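Visitor: Single-letter residue listing:
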Amino acid sequence: MPEPPNIFMRLSNGAENIALVRQALSGVADQLELGAGVINDIRTAATEACNNVAVHAYSGGTGPLEVEIGCRARALEVVVRDHGTGIRPRIRGQSESALGIGLAIIQALARRVEFNDPPGGGTEVRMEFTARPRKGLDTGKVLRSAPREPPADGLSSTAVFAIAPSRLAQSVLPRVLTVLAAHAHFTTDRISDLVMIADALAAEAQGAGGNDELRVTARVASRRIELEVGPLPGGVARALVSAARGEDPANPIGRLTDEQRIDGAPNAREATLVLALAERA
Amino acid sequence: MAAVRTAPRQYPGQGSTGERALFGAWRAGDARAREVLVRRFMPLARALARRYDHASEPFDDLLQVAHVGLLKALDRFDPELGFPFQSFAIPTILGEVRRYFRDAGWSVHVSRSSQERALKLRTAQQQLASRWGRAPTVNELAQYLELDTEVIVEALQVVQAYEAASLDAPQPGAAEDPLQYADAMGRVDDRYELIELDATLVSVLGQIPARERSILRMRFVEDLTQTEIADRVGVSQMQVSRLLRQTLARLRALAEGPAET
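Here the protein sequences line up with chains A and W, keeping their order. Residues in the first sequence are numbered from 26 upward in steps of one, following the numbering used here. Residues in the second sequence are numbered from 179 upward in steps of one, following the numbering used here.
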């Protein structure tokens with residue numbers, strides 16, 4: 026049984042989303058203080074695995090691209106998964122193709138590679154890289170479970186992130202949200218606002234103690250991004266409600282968003298905060 | 179579950195027709211055979227250079243390193259082992275590229291070029307914002323600077339990072355010390371600002387320098403955009419962004435402080 030990851034991402038397999046994976050890895054490298062050479066290898070190999078999902082997994086169509094990142098004491102584990110038609114039949118007879126080079130690149134850069142059949146079909150590429158973090162994470166602070174499946178509609182513009190511990194979210198969330206803001210044609214003004222929201226969400230998740238993890242589902246449209254934060258423990262949700270009302274100057278969420286609402290009763294044990302930002306320029 | 183060690187791997191069906199003959203001819207002293215081999219595998223070196231993560235390095239430099247790797251692979255390859263050349267060449271070329279990225283001088287070189295790029299981004303942001311009367315998008319910056327959008331995203335992380343203080347040098351055309359200007363504004367409007375807020379927060383805000391407080395007020399009370407604030411204060415939008423992030427982080431730390439002790 027593999028150890029649970031620190032980061033889980035469920036994206037659409039569109040090629041533009043691979044930048045989210047690369048930025049998440051860069052965020053991890055920032056937080057763990059990994060060397061630039063090491064993270065270049067990991068980003069390169071992960072890009073190849075994701076490219077394969079973008080191009081081949083759904084025979085030209087769309088489907089989920091799942092990525093997990095596990096920060097271990099002396100290694101970084103990256104899992105790239107699809108639920109398409111499977112990788113192995115595609116390897117055979119395509120050795121000269123781009124796919125052949127992609128796999129060879131992964132094998133040259135990773136310490137260990139596994140190809141698995143995930144439940145429900147598809148392919149899982151599990152890559153392990155030698156990485157010695159100068160600043161490690163607390164062991165055991167990993168994700169309890171993968172986030173629930175989002176509604177299938179609009180998958181191409183929906184990205185799901187689960188990150189633990191929240192210290193990791195501080196460096197990963199601003200980066201991935203910047204990529205999504207670029208997709209949504211936000212100006213640099215609004216991107217900065219979104220980055221401040223990411224800072225605030227990561228801080229709230231940490232401040233509230235509890236499970237020390239952050240789950241964010243982002244729905245991206247042109248000039249509009251909706252963030253669904255949670256499910257959160259009741260205390261965190263209430264803190265965010267007050268933040269959303271602008272009662273706390275240290276937490277600017279309310280002033281930076283165009284809409285805020287809570288899904289679930291305010292006193293419930295778990296609630297979801299929904300925030301919407303539109304580009305104003 | 180199939181665990182695969184990262185040893186050179188043979189791909190079935192790989193076209194090695196003529197490859198062994200060429201290696202044989204070259205080993206026998208035919209210099210032209212080597213040239214044919216170099217030409218044949220240069221596209222592979224190019225493909226690897228292109229695919230290696232090069233957000234921080236010009237492609238031409240990387241291509242040169244990949245070509246060095248290809249030449250090394252050609253010299254070291256033993257056709258008698260029966261593997262196609264490509265299965266040996268890919269890890270060898272990548273090995274050369276990785277060595278290049280791990281070179282001690284490289285990280286210094288990269289931090290310098292990423293600083294340069296951050297400065298370019300800051301300037302471009304200001305030029306486009308003053309031309310259009312609104313801040314540019316990432317795509318617009320990418321087109322303007324002829325850079326990949328992901329390079330812009332990366333540069334945005336650098337300029338918005340908390341500790342990019344070296345980017346805060348006064349800019350041409352701005353007041354001599356722009357932040358002194360912000361300071362003055364903060365003092366004038368202090369009372370106005372504090373009235374807006376809950377009394378218990380006044381003490382926390384009191385620990386924030388006046389210039390940061392005034393930027394905070396412009397963004398959150400007056401609801402100015404960062405570009406508008408930058409205009410007023412005479413600094414870049416990126417610097418406003420960074421100051422806001424820093425100040426909010428500080429407020430959070432101050433707000434949490436008493437609860438923890």
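Be a bit skeptical, because a hint or two may be false.
Label pairs and their computed distance ranges (CB to CB) [what the hints assert, rightly or not]: (1) A:P143 - W:V214: 29 to 37 Å; (2) A:R305 - W:T301: 19 to 27 Å; (3) A:T110 - W:V214: 45 to 53 Å; (4) A:P143 - W:D239: 34 to 42 Å.
Just so you know, the hints here were simulated from the structure itself, not pulled from any lab data. Quick caveat, the model's predicted, so the values are computed rather than measured. Think of the CB as a built atom: it goes at the ideal place given N, C-alpha and C, for glycine as much as any other residue.
Visitor: Determine for every hint whether it applies to the structure shown.
Guide: Right, here's what the structure says about each hint:
1. A:P143 - W:V214: 29 to 37 Å: Given about 44 Å between the Cβ atoms, the range is violated.
2. A:R305 - W:T301: 19 to 27 Å: holds, 24 Å
3. A:T110 - W:V214: 45 to 53 Å: Hint violated: Cβ distance 39 Å, outside 45 to 53 Å.
4. A:P143 - W:D239: 34 to 42 Å: Holds: the Cβ-Cβ distance is about 39 Å, inside 34 to 42 Å.
In the structure shown, a violation is registered for the earlier hints numbered 1 and 3, in ascending order.
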